[in-house]
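There are 2 protein chains.
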Amino acid sequence: MSVRSPWITKTAIHHVDEPFKLESGRVLPELHISYEIYGRMNKNRTNIILVCHALTGDAHLAGYYDGARKPGWWDVIVGPNKTLDTQQYCIICSNVLGGCAGTTGPASINPESGREYAATFPVITIGDMVRAQHLLLRHLQVSQLCAVIGGSMGGMQALDWAVRYPDMVSKLILLATTARSTPQQIAFHAIGRRAIQGDSRWNKGEYYGKERPDRGLSVARMIGHITYLSDHAMEEKFGREVKNKEQEPYALNADFQVESYLDYQGNQFCERFDPNSYLYITKAVDLFDLTKNGCLVEGLAPITARTLAVGISSDWLYPPQQVREIVKALRMSGTDAEYAEITSRYGHDAFLLEMGQLDYLISGFLSPKLVSDIMLQPVSSIKEDDTIEKACQVMVENTASHLPVLNKSGKISGIVTSWDIAKAVAYNFKTLDEIITRNVRTISPDDTIQEAALRMKKHDISALVVSRDEKLLGIVTSEGVSGSMRVNC
Amino acid sequence: MSVRSPWITKTAIHHVDEPFKLESGRVLPELHISYEIYGRMNKNRTNIILVCHALTGDAHLAGYYDGARKPGWWDVIVGPNKTLDTQQYCIICSNVLGGCAGTTGPASINPESGREYAATFPVITIGDMVRAQHLLLRHLQVSQLCAVIGGSMGGMQALDWAVRYPDMVSKLILLATTARSTPQQIAFHAIGRRAIQGDSRWNKGEYYGKERPDRGLSVARMIGHITYLSDHAMEEKFGREVKNKEQEPYALNADFQVESYLDYQGNQFCERFDPNSYLYITKAVDLFDLTKNGCLVEGLAPITARTLAVGISSDWLYPPQQVREIVKALRMSGTDAEYAEITSRYGHDAFLLEMGQLDYLISGFLSPKLVSDIMLQPVSSIKEDDTIEKACQVMVENTASHLPVLNKSGKISGIVTSWDIAKAVAYNFKTLDEIITRNVRTISPDDTIQEAALRMKKHDISALVVSRDEKLLGIVTSEGVSGSMRVNC
Numbered sequence: 001m002s003v004r005s006p007w008i009t010k011t012a013i014h015h016v017d018e019p020f021k022l023e024s025g026r027v028l029p030e031l032h033i034s035y036e037i038y039g040r041m042n043k044n045r046t047n048i049i050l051v052c053h054a055l056t057g058d059a060h061l062a063g064y065y066d067g068a069r070k071p072g073w074w075d076v077i078v079g080p081n082k083t084l085d086t087q088q089y090c091i092i093c094s095n096v097l098g099g100c101a102g103t104t105g106p107a108s109i110n111p112e113s114g115r116e117y118a119a120t121f122p123v124i125t126i127g128d129m130v131r132a133q134h135l136l137l138r139h140l141q142v143s144q145l146c147a148v149i150g151g152s153m154g155g156m157q158a159l160d161w162a163v164r165y166p167d168m169v170s171k172l173i174l175l176a177t178t179a180r181s182t183p184q185q186i187a188f189h190a191i192g193r194r195a196i197q198g199d200s201r202w203n204k205g206e207y208y209g210k211e212r213p214d215r216g217l218s219v220a221r222m223i224g225h226i227t228y229l230s231d232h233a234m235e236e237k238f239g240r241e242v243k244n245k246e247q248e249p250y251a252l253n254a255d256f257q258v259e260s261y262l263d264y265q266g267n268q269f270c271e272r273f274d275p276n277s278y279l280y281i282t283k284a285v286d287l288f289d290l291t292k293n294g295c296l297v298e299g300l301a302p303i304t305a306r307t308l309a310v311g312i313s314s315d316w317l318y319p320p321q322q323v324r325e326i327v328k329a330l331r332m333s334g335t336d337a338e339y340a341e342i343t344s345r346y347g348h349d350a351f352l353l354e355m356g357q358l359d360y361l362i363s364g365f366l367s368p369k370l371v372s373d374i375m376l377q378p379v380s381s382i383k384e385d386d387t388i389e390k391a392c393q394v395m396v397e398n399t400a401s402h403l404p405v406l407n408k409s410g411k412i413s414g415i416v417t418s419w420d421i422a423k424a425v426a427y428n429f430k431t432l433d434e435i436i437t438r439n440v441r442t443i444s445p446d447d448t449i450q451e452a453a454l455r456m457k458k459h460d461i462s463a464l465v466v467s468r469d470e471k472l473l474g475i476v477t478s479e480g481v482s483g484s485m486r487v488n489c
Numbered sequence: 490m491s492v493r494s495p496w497i498t499k500t501a502i503h504h505v506d507e508p509f510k511l512e513s514g515r516v517l518p519e520l521h522i523s524y525e526i527y528g529r530m531n532k533n534r535t536n537i538i539l540v541c542h543a544l545t546g547d548a549h550l551a552g553y554y555d556g557a558r559k560p561g562w563w564d565v566i567v568g569p570n571k572t573l574d575t576q577q578y579c580i581i582c583s584n585v586l587g588g589c590a591g592t593t594g595p596a597s598i599n600p601e602s603g604r605e606y607a608a609t610f611p612v613i614t615i616g617d618m619v620r621a622q623h624l625l626l627r628h629l630q631v632s633q634l635c636a637v638i639g640g641s642m643g644g645m646q647a648l649d650w651a652v653r654y655p656d657m658v659s660k661l662i663l664l665a666t667t668a669r670s671t672p673q674q675i676a677f678h679a680i681g682r683r684a685i686q687g688d689s690r691w692n693k694g695e696y697y698g699k700e701r702p703d704r705g706l707s708v709a710r711m712i713g714h715i716t717y718l719s720d721h722a723m724e725e726k727f728g729r730e731v732k733n734k735e736q737e738p739y740a741l742n743a744d745f746q747v748e749s750y751l752d753y754q755g756n757q758f759c760e761r762f763d764p765n766s767y768l769y770i771t772k773a774v775d776l777f778d779l780t781k782n783g784c785l786v787e788g789l790a791p792i793t794a795r796t797l798a799v800g801i802s803s804d805w806l807y808p809p810q811q812v813r814e815i816v817k818a819l820r821m822s823g824t825d826a827e828y829a830e831i832t833s834r835y836g837h838d839a840f841l842l843e844m845g846q847l848d849y850l851i852s853g854f855l856s857p858k859l860v861s862d863i864m865l866q867p868v869s870s871i872k873e874d875d876t877i878e879k880a881c882q883v884m885v886e887n888t889a890s891h892l893p894v895l896n897k898s899g900k901i902s903g904i905v906t907s908w909d910i911a912k913a914v915a916y917n918f919k920t921l922d923e924i925i926t927r928n929v930r931t932i933s934p935d936d937t938i939q940e941a942a943l944r945m946k947k948h949d950i951s952a953l954v955v956s957r958d959e960k961l962l963g964i965v966t967s968e969g970v971s972g973s974m975r976v977n978c
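So the sequences go chain by chain: A and B. The opening position of the first sequence corresponds to residue 1 in this note's numbering, with each subsequent residue numbered one higher. The opening position of the second sequence corresponds to residue 490 in this note's numbering, with each subsequent residue numbered one higher.
Worth flagging that the hints you see were computed from the coordinates, not collected in a lab. Any given hint could turn out to be false.
[Stated by the list, open to error] Straight-line alpha carbon distances no greater than 25 Å define the calculated SDA-like cross-link-like pairs of lysine to any residue that follow: (1) A/K210 x B/S689; (2) A/K245 x B/S513; (3) B/K817 x A/E241; (4) A/K243 x B/C784; (5) A/K70 x A/R272; (6) A/K43 x A/L55; (7) A/K292 x B/C784; (8) A/K245 x B/S632; (9) A/K245 x B/D778; (10) B/K817 x A/G239; (11) B/K693 x A/A400; (12) A/K243 x B/V868; (13) B/K699 x B/N756; (14) A/K21 x B/Q736; (15) B/K510 x A/K210; (16) A/K204 x B/Q736; (17) B/K693 x A/S478; (18) A/K237 x B/S689.
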């Protein structure tokens, strides 16, 4: 047990004893879904975050398995008082379908044959992985997700979640991912598959209980590993150092440090990963394409979740541009999406490493910090030539105490409050014009909640109109500000 | 024979019947060097260009082998009236040491054992390749190279040429290359080697006459191929098209176009390349490092050749930055080096494809177009307080008819010509000051030769001082300008 963290976590398994129909049309007779849960669900189950893992990741997000030396893969941001604070949120992560960490995959026993599926396992998709996770959440009686978060292949699942189950996903956080695998990404995977299938020990997938095609898997992993690191990160990590300085440099098998490192990574990987799973999961990633009729805007249109998409400056596997395209497509559908970039020299792997920037971006997105996070919208409004009576009707119908007044070009020309109505009655004013407050206090949606609070206090008012370029966007009230101190997905 | 080009080329072989000592200290008992020559050597052998080929290239630069359908690999710029005009230049390209196209390599018979070298072949370096080429040139009685040109691994050889034999290389053209293999570049090669050596048919290199480790070689080639293309080029070429639109998309072996393409490339490559050569040549590239004591400026200091180094905007294997570093290092040693960039979306392979930009850059560099190309230097000068007698001595000693006059801070303050001397004599002037022309006509080394000709004509003078920031750099004469119309490396 590590001294650093005594936090022990365990894996649970959910057994679905029903046929599971895949996107391909093929059917798995049963499903096992293994998962881990960190933190506790609150009474109304409104504090749940789903984390989707990447290609070679697993459900073991954080903490330590009993006796383990290494913590889970996202321990830097998941845990008590960390970015994904397990004292506040309940975090769920399940092993993907097709994998080899407890959820049904090619190494599982096919109940119909009593033997491993091996290469008879059906091709699966990212959508199938998501649908299996959905079954798990139903079993856990979770109907609303505060947020779905994922990086790399995890980001693909998260994106698919928000398209497939828009009503369940309040917020979506995507890291270093794409909405559609590109030929270069496919090519790297294809070569990994060729290396595995070209290993004579692969034996058409029938190697269970025999020697495994570890040489092929190791080559596949080495290829993957290069794509996860930036050129610069490798330079910094290895330079041109040789493994053993006493060795003869002019030998074919004399290794530079970078070679020994890749060999080590390749061998380590063979100890924990099933070669057939590598074939199936990379294929699922290659098949991933959320465009619809060739159009990403159309494909992502079902998404309603507020979205934060994060690119990594030095990522050349899923370059920032591909992350930006997701944001552009969402915005074209009117979905609230923002792009942020992690400045890092680590390459793709930065989403596992850049703790500080991850914390800043994810915390800021999950906890409302800006006026746009708490403003009420749509907001009722009235026109300059409306009557006082009309204003009162709108107020009552919408239980709104503050009504922005718009001029003929739709711009904010004033505000009328229930208190103004009272004034009109008191002084027997007959027209709206006599009671409108022309000096409207506005705030930008990009301002902080602190700024909104200060401005209300300064002018001794209980609400601010949220506007940009004199256009009405919403309203923010003192109730909203004080309420924002609570967790609020 | 192709209809497109009836230009038939042939390979010759030079046999060196002497031991060849390698950088490792090991010795090859004999050498065969195969090569091709395009165009004719002129009388003084001053029109010779050496082209160095890349990793999987060969000596067959251009034209067609009898009966072949495809021309040589650089046919776009090598040939009659092309960029490297074979009517003007004599172009030599030899197959690299360690390769499998006629020059001694692991598939050659070791005269000492009577069998293929296979894995007993010694590790070779880029420097060894260059030294073998040097033996060939000596055999061909070539002592001066108008230019050495190479892209990728060819660029490494070219750079090594200019360091190793500075007196032989007048101009150096480097394309998409580096002065030092980086860990990322090494890693890609290392994985290719693992794939070959991990193929059970590799049999520790002893596969000649048996089944070859083509699966491994094919994987290695596929990895290489991805690194030669940009993400964008792959997107444009393949998109997410599948190979056979009628095929079941949810099959593990259902291929995207990009996969079939890579398979095809992998298989094609196996027909023409020896797996052991791939091991040795990639190792030579990995060992390439021209820094000296960790310093590139020091490593490249011997170079005297005027250098053009060309990066490719979308090349991520040998990114522009690495090409720029060569230029920076050369300039720090005072070597005349310039950087240019090919704007291309093809990635690394652009140096084989971007005919127009290659032509513009290479032609412009080989044919003198600028004042700096034809200016005379070092140029003799005198000081303001020198005597007329002293000026005459300097003129006579240096057969110079124009002498720039420098003030105490070394800046040009005037010019004295032989005609001024005549004037002094005629009018009995006693001091230099009385005959100096203060209004010196100067020109920048970056100006064109046309500009120099125009300026001389305008002022009716026969020479211009070449200067930058009032510092004397050289002198350009009307003879130089008219002579620049000739081929002049």
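- request: For the pair we were handed, B/K693 and A/S478, check the Cα-Cα distance against 25 Å.
  value: 77 Å, violated
25 Å limit on alpha-carbon distance, applied to hinted pair A/K245 and B/D778: Satisfied, since the Cα-Cα distance of roughly 16 Å is no more than 25 Å.
message: Please verify whether A/K70 and A/R272 have alpha carbons no more than 25 Å apart.
response: Satisfied, since the Cα-Cα distance of roughly 14 Å is no more than 25 Å.
- prompt: Regarding the pair A/K243 and B/V868, is the alpha-carbon distance no greater than 25 Å?
  reply: Since the Cα atoms of A/K243 and B/V868 sit roughly 52 Å apart, the hinted pair is violated (cutoff 25 Å).
- prompt: Taking 25 Å as the top limit, are the C-alpha atoms of B/K699 and B/N756 close enough?
  reply: The given pair, whose Cα atoms are some 17 Å apart, holds under the 25 Å limit.
message: Against the 25 Å threshold, does the CA-CA distance of A/K245 and B/S632 hold or violate the hint?
response: Given that 25 Å is the threshold and the Cα spacing comes to 39 Å, the pair is violated.
query: Is A/K237 close enough to B/S689, meaning Cα to Cα at most 25 Å?
result: 32 Å, violated
task: Decide if the proposed pair is consistent with the structure: B/K817 and A/E241, CA atoms, cutoff 25 Å inclusive.
output: 24 Å, holds
Given pair status - A/K210, B/K510, alpha carbons within 25 Å: This hinted pair is violated, its Cα atoms lying about 48 Å apart.
task: Assess, step by step, whether the Cα of A/K292 is no farther than 25 Å from the Cα of B/C784, and give holds or violated.
output: It is violated: about 53 Å lies between the C-alpha atoms, which goes past 25 Å.
message: Checking one constraint from the list: CA of B/K817 to CA of A/G239, max 25 Å. Satisfied?
response: 20 Å, holds
- prompt: Between A/K21 and B/Q736, is the straight-line Cα distance small enough, at 25 Å or below?
  reply: Roughly 21 Å between the alpha carbons, so the hint for A/K21 and B/Q736 holds.
In terms of the numbered hints stated before, the structure departs from hints 6, 7, 8, 11, 12, 15, 17 and 18, listed from lowest to highest.
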